[in-house]
Amino acid sequence: MKCSGNFQIASIERLSSNIIRLEIDSPPIAEQARPGQFVQVRIPGKETNIWPRPFSIHYAGDGRITLYIKILGKMTACMAKLKNGDILNITGPLGNGFAEPPDQVPLYLVAGGIGLPPLYFLVCILLKKGFPPELIHLYSGAKSAADLFARDEIVALNIDYRLATDDGSCGVKGLIVEPFAKDFEKSKSGAVYACGPMAMLAAVAKIAEKNFCQLSLEQLMPCGWGVCNGCAVKLKSDNSIVEDERGFRLARVCKEGPVFNADDILWD
Amino acid sequence: MKCSGNFQIASIERLSSNIIRLEIDSPPIAEQARPGQFVQVRIPGKETNIWPRPFSIHYAGDGRITLYIKILGKMTACMAKLKNGDILNITGPLGNGFAEPPDQVPLYLVAGGIGLPPLYFLVCILLKKGFPPELIHLYSGAKSAADLFARDEIVALNIDYRLATDDGSCGVKGLIVEPFAKDFEKSKSGAVYACGPMAMLAAVAKIAEKNFCQLSLEQLMPCGWGVCNGCAVKLKSDNSIVEDERGFRLARVCKEGPVFNADDILWD
Amino acid sequence: MGLNLEINIAGIKLKNPILTASGCFGYGDEASDFFDVSRLGGIITKSISLLPRVGHPPPKVAETASGMLNAIGLSNIGLERFINDKMPFLRKCGTTVIVNIAGKQPDDYAKLAERISSLSGVHAIEVNISCPNVAEGGLEFGASEKGAAVVIEKVKKVSRVPIIAKLSPNVTDIVAIAKAVENAGADSISLINTLVGMAIDPKTKKFKISNKFGGLSGPAIKPVAVAMVYKVSRAVKIPVIGLGGISCGTDVVEFLLAGASAVQIGTACFAEPKVFTRSLDELTAYMVANGHNDIRELIGAVKDI
Amino acid sequence: MGLNLEINIAGIKLKNPILTASGCFGYGDEASDFFDVSRLGGIITKSISLLPRVGHPPPKVAETASGMLNAIGLSNIGLERFINDKMPFLRKCGTTVIVNIAGKQPDDYAKLAERISSLSGVHAIEVNISCPNVAEGGLEFGASEKGAAVVIEKVKKVSRVPIIAKLSPNVTDIVAIAKAVENAGADSISLINTLVGMAIDPKTKKFKISNKFGGLSGPAIKPVAVAMVYKVSRAVKIPVIGLGGISCGTDVVEFLLAGASAVQIGTACFAEPKVFTRSLDELTAYMVANGHNDIRELIGAVKDI
Ligand SMILES: Cc1cc2nc3c(=O)[nH]c(=O)nc-3n(C[C@H](O)[C@H](O)[C@H](O)COP(=O)(O)OP(=O)(O)OC[C@H]3O[C@@H](n4cnc5c(N)ncnc54)[C@H](O)[C@@H]3O)c2cc1C
Ligand SMILES: Cc1cc2nc3c(=O)[nH]c(=O)nc-3n(C[C@H](O)[C@H](O)[C@H](O)COP(=O)(O)OP(=O)(O)OC[C@H]3O[C@@H](n4cnc5c(N)ncnc54)[C@H](O)[C@@H]3O)c2cc1C
Ligand SMILES: Cc1cc2nc3c(=O)[nH]c(=O)nc-3n(C[C@H](O)[C@H](O)[C@H](O)COP(=O)(O)O)c2cc1C
Ligand SMILES: Cc1cc2nc3c(=O)[nH]c(=O)nc-3n(C[C@H](O)[C@H](O)[C@H](O)COP(=O)(O)O)c2cc1C
Ligand code: FES
Ligand code: FES
Numbered sequence: 179m180k181c182s183g184n185f186q187i188a189s190i191e192r193l194s195s196n197i198i199r200l201e202i203d204s205p206p207i208a209e210q211a212r213p214g215q216f217v218q219v220r221i222p223g224k225e226t227n228i229w230p231r232p233f234s235i236h237y238a239g240d241g242r243i244t245l246y247i248k249i250l251g252k253m254t255a256c257m258a259k260l261k262n263g264d265i266l267n268i269t270g271p272l273g274n275g276f277a278e279p280p281d282q283v284p285l286y287l288v289a290g291g292i293g294l295p296p297l298y299f300l301v302c303i304l305l306k307k308g309f310p311p312e313l314i315h316l317y318s319g320a321k322s323a324a325d326l327f328a329r330d331e332i333v334a335l336n337i338d339y340r341l342a343t344d345d346g347s348c349g350v351k352g353l354i355v356e357p358f359a360k361d362f363e364k365s366k367s368g369a370v371y372a373c374g375p376m377a378m379l380a381a382v383a384k385i386a387e388k389n390f391c392q393l394s395l396e397q398l399m400p401c402g403w404g405v406c407n408g409c410a411v412k413l414k415s416d417n418s419i420v421e422d423e424r425g426f427r428l429a430r431v432c433k434e435g436p437v438f439n440a441d442d443i444l445w446d
Numbered sequence: 179m180k181c182s183g184n185f186q187i188a189s190i191e192r193l194s195s196n197i198i199r200l201e202i203d204s205p206p207i208a209e210q211a212r213p214g215q216f217v218q219v220r221i222p223g224k225e226t227n228i229w230p231r232p233f234s235i236h237y238a239g240d241g242r243i244t245l246y247i248k249i250l251g252k253m254t255a256c257m258a259k260l261k262n263g264d265i266l267n268i269t270g271p272l273g274n275g276f277a278e279p280p281d282q283v284p285l286y287l288v289a290g291g292i293g294l295p296p297l298y299f300l301v302c303i304l305l306k307k308g309f310p311p312e313l314i315h316l317y318s319g320a321k322s323a324a325d326l327f328a329r330d331e332i333v334a335l336n337i338d339y340r341l342a343t344d345d346g347s348c349g350v351k352g353l354i355v356e357p358f359a360k361d362f363e364k365s366k367s368g369a370v371y372a373c374g375p376m377a378m379l380a381a382v383a384k385i386a387e388k389n390f391c392q393l394s395l396e397q398l399m400p401c402g403w404g405v406c407n408g409c410a411v412k413l414k415s416d417n418s419i420v421e422d423e424r425g426f427r428l429a430r431v432c433k434e435g436p437v438f439n440a441d442d443i444l445w446d
Numbered sequence: 003m004g005l006n007l008e009i010n011i012a013g014i015k016l017k018n019p020i021l022t023a024s025g026c027f028g029y030g031d032e033a034s035d036f037f038d039v040s041r042l043g044g045i046i047t048k049s050i051s052l053l054p055r056v057g058h059p060p061p062k063v064a065e066t067a068s069g070m071l072n073a074i075g076l077s078n079i080g081l082e083r084f085i086n087d088k089m090p091f092l093r094k095c096g097t098t099v100i101v102n103i104a105g106k107q108p109d110d111y112a113k114l115a116e117r118i119s120s121l122s123g124v125h126a127i128e129v130n131i132s133c134p135n136v137a138e139g140g141l142e143f144g145a146s147e148k149g150a151a152v153v154i155e156k157v158k159k160v161s162r163v164p165i166i167a168k169l170s171p172n173v174t175d176i177v178a179i180a181k182a183v184e185n186a187g188a189d190s191i192s193l194i195n196t197l198v199g200m201a202i203d204p205k206t207k208k209f210k211i212s213n214k215f216g217g218l219s220g221p222a223i224k225p226v227a228v229a230m231v232y233k234v235s236r237a238v239k240i241p242v243i244g245l246g247g248i249s250c251g252t253d254v255v256e257f258l259l260a261g262a263s264a265v266q267i268g269t270a271c272f273a274e275p276k277v278f279t280r281s282l283d284e285l286t287a288y289m290v291a292n293g294h295n296d297i298r299e300l301i302g303a304v305k306d307i
Numbered sequence: 003m004g005l006n007l008e009i010n011i012a013g014i015k016l017k018n019p020i021l022t023a024s025g026c027f028g029y030g031d032e033a034s035d036f037f038d039v040s041r042l043g044g045i046i047t048k049s050i051s052l053l054p055r056v057g058h059p060p061p062k063v064a065e066t067a068s069g070m071l072n073a074i075g076l077s078n079i080g081l082e083r084f085i086n087d088k089m090p091f092l093r094k095c096g097t098t099v100i101v102n103i104a105g106k107q108p109d110d111y112a113k114l115a116e117r118i119s120s121l122s123g124v125h126a127i128e129v130n131i132s133c134p135n136v137a138e139g140g141l142e143f144g145a146s147e148k149g150a151a152v153v154i155e156k157v158k159k160v161s162r163v164p165i166i167a168k169l170s171p172n173v174t175d176i177v178a179i180a181k182a183v184e185n186a187g188a189d190s191i192s193l194i195n196t197l198v199g200m201a202i203d204p205k206t207k208k209f210k211i212s213n214k215f216g217g218l219s220g221p222a223i224k225p226v227a228v229a230m231v232y233k234v235s236r237a238v239k240i241p242v243i244g245l246g247g248i249s250c251g252t253d254v255v256e257f258l259l260a261g262a263s264a265v266q267i268g269t270a271c272f273a274e275p276k277v278f279t280r281s282l283d284e285l286t287a288y289m290v291a292n293g294h295n296d297i298r299e300l301i302g303a304v305k306d307i
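If you read the protein sequences in the order shown, they are chains A, B, C and D. Be aware that the first sequence starts at 179, since it is given in the numbering used here, and climbs by one per residue. Be aware that the second sequence starts at 179, since it is given in the numbering used here, and climbs by one per residue. Be aware that the third sequence starts at 3, since it is given in the numbering used here, and climbs by one per residue. Be aware that the fourth sequence starts at 3, since it is given in the numbering used here, and climbs by one per residue.
I should point out that these hints are in silico values taken from the structure, not numbers from a laboratory. Careful: at least some of the hints might be erroneous.
As the list claims (entries may be wrong) - Simulated restraints on C-beta separations:
#  : chain 1 : residue 1 : chain 2 : residue 2 : range
1  : B       : Arg212    : A       : Pro375    : 55 to 63 angstroms
2  : B       : Gly263    : A       : Lys366    : 40 to 48 angstroms
3  : C       : Lys239    : D       : Glu299    : 51 to 59 angstroms
4  : B       : Lys224    : C       : Asp35     : 28 to 36 angstroms
5  : A       : Asp240    : C       : Arg93     : 36 to 44 angstroms
6  : A       : Lys248    : C       : Val290    : 41 to 49 angstroms
7  : D       : Ser34     : B       : Lys252    : 51 to 59 angstroms
8  : C       : Asp306    : D       : Glu116    : 35 to 43 angstroms
9  : B       : Cys256    : D       : Phe91     : 45 to 53 angstroms
10 : C       : Gly123    : B       : Leu250    : 43 to 51 angstroms
11 : C       : Lys276    : A       : Pro375    : 28 to 36 angstroms
Unchecked claim - If the Cβ cut is set under 10 angstroms, some of the chain B residues that face chain D in the computed set are:
#  : residue
12 : Ile228
13 : Trp229
14 : Gln397
15 : Trp403
Please read all numbers here as calculations on a predicted model, not as lab measurements. Beta carbons: idealized from backbone N, C-alpha and C, even for Gly.
One chain only, chain A, in its complex shape (with noise of 0.2 angstroms):
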């Protein structure tokens, strides 16, 4: 069963000029969450956004979620006003998580900007069950050092842990997915994940090519639970449910989603 309803800020801390941290006391959700699962988030009175606003699960454990929110316009200037204490209504977890790598092989994780958390969780979760930790790459860029969090975290997991930045101010000046194709290079092989902005991505599956790839997608989502159509991508044509003359399908980034095969998504 999935949850909606209203729970408390248990923490919410200002990390820079535009990121903030939340901890969420929501047991029902916080059980459920898989790695690349979402939430839906609405402030209870703020009725002039129509929907609400879909942040991935960063952690989910004691019955808390933790999520990570950059500051982009008007709900999240919001979010960024609320206190301890403070309710938030919540619906989740929603939408498909993260595949578990086909084998023991090299993982790749690549996190542009605010797309880091559901790999974060994806981490946590792997190590947990025993996967082993100099496997891990995991890639994190951002615009600037501002942009970047969660470091202290993930220094703790000792995975291979690797920064960029746009202007230079934090780890290696320039794209993230630089770093990451230098090292798949290499050895050609293992399996990648990735989260951030459409053009990183489109880059990130070229490089992975006909390695296990699996991209986490953003969209407008409306509803978050898989009624409105509104947040639907299209995808190669595999003879599945919706499909028209045009030679692609649609999938619904909520429901279907957000996490998709490389393989399946039809690049503009």
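On the provided structure of chain A, position chains B, C and D with the ligands as indicated by the hints.
Here is chains B, C and D with the ligands on its own, set in the frame of chain A:
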């Protein structure tokens, strides 16, 4: 020049379950404010409510205005959650204030519930101008003790101060019009000012009969500055500006009012 | 003494007046994750067309002030897959099932109605002659008395279940269209579908949805919907189902007072899957607080000021 | 190099494209309390009728989600008092003056136009054939091509200043009406007036406004307005003035991109008297940030997705 801009809350206090007291640093408004005038208030960022909300000025001095607000609906509920230092958007001072009494006659001021603020302000100003406190009778009524407010402030004025509540939890049990009627019957002369629900105002007007009697009216107020005509009420015909065959004219509560001579009002 | 929330619309029995709006509730199966769908007055499906449709390319939606635009483009799985994949769930969902249909031409509607009305478990058909986003979807029919009447007549001739005509608000004279579908045999009228709208993003200078135009829904349009429900329910004898911007029990009461015999909730369930059951609880509380034993006491009971 | 914000509409020069909407700015004099009205692109007055009108009894307004309903009923001081009491201020207000007129029948419009267009200080007339709240106010004309054309022709024949036809959105085919008024000689088209709406208070079971029906305005209707501006501006050759829900500079840009040559702001100024000058500043900032020197570069410049 009237003012419309953002001002800071200097102090906000919850006085009872449904009354709050606000002081707002707003020198350009405070300097101009006269008793009976009001301000239009918005909470920046709360866009669902398309209109601001009107509140009478309870006191103005030292660059501040004081408001008493009854929590009634959406906007006032939001206002109750504000904190010192928060910003409000305020337009004012708006409307015409009370006219001064024609002479040093006994003054009867009748306040129904949240109608007290403009009358309190009027008393303060008259006292400052040397009006004898012993001629001033202030009647303040409400549903229950929790709806009465500003009692200490009024007691400090050394005027004749009478209370009534519907449930008898404070002052006389019953309508505030009753003690006023009893007192006024004795002298049958004096100047009367009232602010409160329409039914109370009608009763006061009837009792005051041909005496000087000014009433402050309430209406929904989309603009408050005279441009929408939404707040218009019927007045008796006087061959004035807007009039038609139906034998009455309309006046804008926000612009020609909120204070009207009782004689002019057309009671339904 | 129990409250009566049951209402009969054109021979269909609804256990309460709160239905799901077409296109806003999928085929009914997703909601079981959140609440017991048998509490609904009824389920109205996404518009079904003869063949599957992918619909318009993304972006298909945009948020607006107290509302949203959509140009989903009647994306749906098509008649055959609907029957095979979705009817089994609907047959045992425990409430009234109304299937919404959309076609390119009157004969499409007739084919859909004939087939769907013969399925066990289908209690009524809602005919979408009012989708503003696609040729298929019938706004061309919904915009004229004649066009609307032709579709309804054809459908009525072949259908074994009652027919609800879903009208578009994008017309000069909604009452004329309503009378036309009543005369053509419609058993009930539902309104309103979405208003035609558009949004442009000044940052990119592009349309916010790929189809340029979209349908406006949500609380923003509620006053338009209430006005049309009021007008139409006074002009026709068949029952009216009201929708447009409903998001709570108070809104449901507003539509009933205006003259609706039942209501649908669409956009509001996106943010709150349980809006149907919450609104039902609020409606019940309203009836208790106001001394009403029977939902029918509210229908059209608005009073002059 | 200065920015050019000036725009010519049908022979009237506007120093910038931001005008006040009729009925939302009185006769222009109240605003002087708050800002320098000469910064406005132009002032459009409340609709003037031949005789004074009290309008509908209160309550005349209701708040709705991101919008409001009004049934002011064209309450106005009438032609003679307008000329005597209000024209003196308007003559020296320092910006373009457009007088909005409303009548019961085509001849009323002609009389008003003849008289008003001969006054010094009046630069154009806006013809309200679209008020949804009163018989006088002309929705009966605005709702049909013929009706609209008749009024505009009569007005055009006698007017010495350009004529702006203000259209109603409550029609099936706005483009047909727009073409009809263009053919009838209108120099410009403004749209949209309000959508017909209604609100009922479940607490009292009464209508929220005495007239039952009211006109819906504010951000809620912006998508409907943008869609109509886009359609009409592509279908006619005369310039289109866009309005409906504008409350900031970004909204102004959205209407310009959709095809409007100028805009009006109505409801938003109730809450914020200075919305006109703030929006103008934001528009200027947008042009600078996006490298535009001339406001005309934005008109109709929306791009496909
Ligand atoms: C499955 C999923 C998981 C997500 N996880 C996270 C997360 O963990 N942390 C996080 O900070 N954000 C996450 N996001 C993105 C987040 O939902 C948006 O940043 C948020 O909705 C912005 O809301 P807002 O009201 O502040 O901005 P708005 O005012 O709604 O938008 C501001 C600007 O951003 C654009 N925009 C907003 N949302 C999207 C979108 N989904 N796709 C493309 N453009 C968009 C808008 O068009 C607008 O230009 C996720 C999105 C999805 C779909
Ligand atoms: C000139 C003037 C001075 C005022 N001074 C004060 C003051 O000093 N302190 C104070 O607390 N209040 C004052 N009010 C009343 C105050 O404006 C309303 O209580 C406030 O607007 C309620 O806003 P809301 O959003 O909380 O309630 P809403 O959600 O808007 O309304 C809740 C309920 O109250 C009704 N209602 C709201 N406002 C009015 C009204 N003006 N007339 C009739 N019914 C109404 C609504 O119809 C609704 O049923 C004044 C009003 C006017 C016109
Ligand atoms: C995303 C979306 C998809 C819709 N799809 C359909 C549809 O397929 N068929 C139909 O008749 N109406 C469709 N509608 C219209 C709704 O059923 C309803 O008439 C409209 O949204 C107004 O109600 P609301 O404000 O409660 O959403 C759709 C609406 C939305 C928002
Ligand atoms: C209170 C009010 C009064 C109005 N009166 C008139 C009027 O007299 N004449 C007219 O042509 N339009 C009138 N309108 C319509 C507006 O000019 C405008 O077309 C409409 O409100 C949409 O713009 P907005 O959303 O910016 O308010 C009125 C609108 C409101 C809200
Ligand atoms: S967001 Fe509604 S179906 Fe995915
Ligand atoms: S509130 Fe607008 S004129 Fe008074």
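Against the structure, the hints:
no., hint, result
1, B/Arg212 x A/Pro375: 55 to 63 angstroms, "holds, 58 angstroms"
2, B/Gly263 x A/Lys366: 40 to 48 angstroms, "violated, 59 angstroms"
3, C/Lys239 x D/Glu299: 51 to 59 angstroms, "holds, 56 angstroms"
4, B/Lys224 x C/Asp35: 28 to 36 angstroms, "holds, 33 angstroms"
5, A/Asp240 x C/Arg93: 36 to 44 angstroms, "holds, 42 angstroms"
6, A/Lys248 x C/Val290: 41 to 49 angstroms, "holds, 46 angstroms"
7, D/Ser34 x B/Lys252: 51 to 59 angstroms, "violated, 32 angstroms"
8, C/Asp306 x D/Glu116: 35 to 43 angstroms, "holds, 40 angstroms"
9, B/Cys256 x D/Phe91: 45 to 53 angstroms, "violated, 38 angstroms"
10, C/Gly123 x B/Leu250: 43 to 51 angstroms, "holds, 49 angstroms"
11, C/Lys276 x A/Pro375: 28 to 36 angstroms, "holds, 34 angstroms"
12, Ile228, "holds, 5 angstroms"
13, Trp229, "holds, 6 angstroms"
14, Gln397, "holds, 7 angstroms"
15, Trp403, "holds, 6 angstroms"
Taken one by one, the earlier hints fail for this structure at numbers 2, 7 and 9, listed in ascending order.
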